[in-house]
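Peer 1: In order, the protein sequences belong to chains A and B.
What the first sequence shows, in our numbering, is residues 1 to 180, in sequence order.
What the second sequence shows, in our numbering, is residues 1 to 207, in sequence order.
Calculated directly from the structure, the hints in this document are not laboratory data.
Cβ atoms here follow ideal geometry from the backbone N, Cα and C, with glycine treated the same way.
Be a bit skeptical, because a hint or two may be false.
Unchecked claim - Only some residues are given here: those of chain A computed to face chain B with a beta carbon under 7 Å:
| hint | residue |
| --- | --- |
| 1 | 14 |
| 2 | 18 |
| 3 | 47 |
| 4 | 51 |
| 5 | 52 |
| 6 | 55 |
| 7 | 56 |
| 8 | 57 |
| 9 | 59 |
| 10 | 63 |
| 11 | 64 |
| 12 | 67 |
| 13 | 70 |
| 14 | 74 |
| 15 | 75 |
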Amino acid sequence: MSVPCGTVRDRLPSYLEDALGAEDRREFREHFASCEACRDEIARIEPSLLFMRVIPEEVASEDVSRILSGVRAGIALAETERRVGRSRGRIRRRAGALASAAALAALTLVVPGGGPAARHPREAVAAVPILVAPAPGFSPVTQPATSGTFPADATIYDWNPGAASEEPRVVWIVDRSLDI
Amino acid sequence: MELVYSESRERREAAELSDSELAVRAREGDMVSFEALVVRKTPAVVSVARRIVGDGEDARDVAQLVFLRVWEQIARYDEKYSFNTWLYRIATNLSIDFLRSSRSRERAHGATLYLVRLREEETSSQTTGAVEESELTRLFQTVAARLTGKQKAVFVLKEMEDRDTKEIASILNCGESTVRNHLFNARRILRREIARICPGLLEGRRS
Numbered sequence: 001m002s003v004p005c006g007t008v009r010d011r012l013p014s015y016l017e018d019a020l021g022a023e024d025r026r027e028f029r030e031h032f033a034s035c036e037a038c039r040d041e042i043a044r045i046e047p048s049l050l051f052m053r054v055i056p057e058e059v060a061s062e063d064v065s066r067i068l069s070g071v072r073a074g075i076a077l078a079e080t081e082r083r084v085g086r087s088r089g090r091i092r093r094r095a096g097a098l099a100s101a102a103a104l105a106a107l108t109l110v111v112p113g114g115g116p117a118a119r120h121p122r123e124a125v126a127a128v129p130i131l132v133a134p135a136p137g138f139s140p141v142t143q144p145a146t147s148g149t150f151p152a153d154a155t156i157y158d159w160n161p162g163a164a165s166e167e168p169r170v171v172w173i174v175d176r177s178l179d180i
Numbered sequence: 001m002e003l004v005y006s007e008s009r010e011r012r013e014a015a016e017l018s019d020s021e022l023a024v025r026a027r028e029g030d031m032v033s034f035e036a037l038v039v040r041k042t043p044a045v046v047s048v049a050r051r052i053v054g055d056g057e058d059a060r061d062v063a064q065l066v067f068l069r070v071w072e073q074i075a076r077y078d079e080k081y082s083f084n085t086w087l088y089r090i091a092t093n094l095s096i097d098f099l100r101s102s103r104s105r106e107r108a109h110g111a112t113l114y115l116v117r118l119r120e121e122e123t124s125s126q127t128t129g130a131v132e133e134s135e136l137t138r139l140f141q142t143v144a145a146r147l148t149g150k151q152k153a154v155f156v157l158k159e160m161e162d163r164d165t166k167e168i169a170s171i172l173n174c175g176e177s178t179v180r181n182h183l184f185n186a187r188r189i190l191r192r193e194i195a196r197i198c199p200g201l202l203e204g205r206r207s
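With the sequences and hints as input, model every part of the structure.
Peer 2: Here is the structure:
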């Protein structure tokens, strides 16, 4: 015992007033933990200090493992939710882009007769500088569109059978950001 | 095999780092460091949560939530401040939230009934020395059910976890005078409840 019982009991009022310095407080508590007589005397004056004796619960290593597993699972769940949230946002944005593209495609899918002379409605809609495929033939005809109407990495393919053909001219829009 | 070896080596290295160093690494996305912190700090977090929420199983649930909250907020951790204080703040706040839930109120009610039965069964010869540790723990949870979450947290941190008043003020994000007010009120309520529920405990000492 580092300090005598009398000193500890003298310090009680200061302890209760939270007026002890760190070192005195440490000595007070150490003495309190080891001296049953002082414990009883002090608990008589301030019964709530009885609870200083409550020993912390032992945490078994299995409990630590269980908590760690729970934390890992919680993190994985949160990550998944975050990804799904991001995907939903992306899908919403893509749906918007797809709708724009679909509108454009609807306007340009069938261009009777085809040929370079045709003035395409898409130019009016998307204001995208689209190179027209040399007729006849199949070709990716544009670099990625730069207009806000298109996704940035969309490519337009143009099937142009030529003016002499009875087949319609067909235009595809491929958006590589759509990985569905 | 190499991966396993490498991972265990990383864990050994992490074990040698301070709390703050691990937290900084975790903030940079290092999961090994984060998990090392979880393993290292679980006993302390469970201990404080157990004392505030009053039940071991609930305390382990709270501990899990605490570490998930740490992971969510690790980007905000500032190494200029003590990691322990930051961790205790999260643990204390979540424990107080848990205590407010209806589930923990029901458990506290059950504990009160248990103590009433205990008092009826015990004789007036009961003394401080006769009260076993486990009974003392149960008695604390019963009488402390009358405390507010903040009062209980302050009493637990000050008298049972032996934290400094300044640190408790930092943990609870309040002034030191507020901490002292909570502590004095907590002691007063605990005195009254001990006298009401377990009078033999004090009478034995007075004789």
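Peer 1: Hints first: check each against the structure and report whether it holds.
Peer 2: These are the hints, each one checked on the structure:
| no. | hint | verdict |
| --- | --- | --- |
| 1 | 14 | 13 Å, violated |
| 2 | 18 | 6 Å, holds |
| 3 | 47 | 5 Å, holds |
| 4 | 51 | 5 Å, holds |
| 5 | 52 | 5 Å, holds |
| 6 | 55 | 6 Å, holds |
| 7 | 56 | 4 Å, holds |
| 8 | 57 | 5 Å, holds |
| 9 | 59 | 4 Å, holds |
| 10 | 63 | 6 Å, holds |
| 11 | 64 | 5 Å, holds |
| 12 | 67 | 5 Å, holds |
| 13 | 70 | 4 Å, holds |
| 14 | 74 | 4 Å, holds |
| 15 | 75 | 6 Å, holds |
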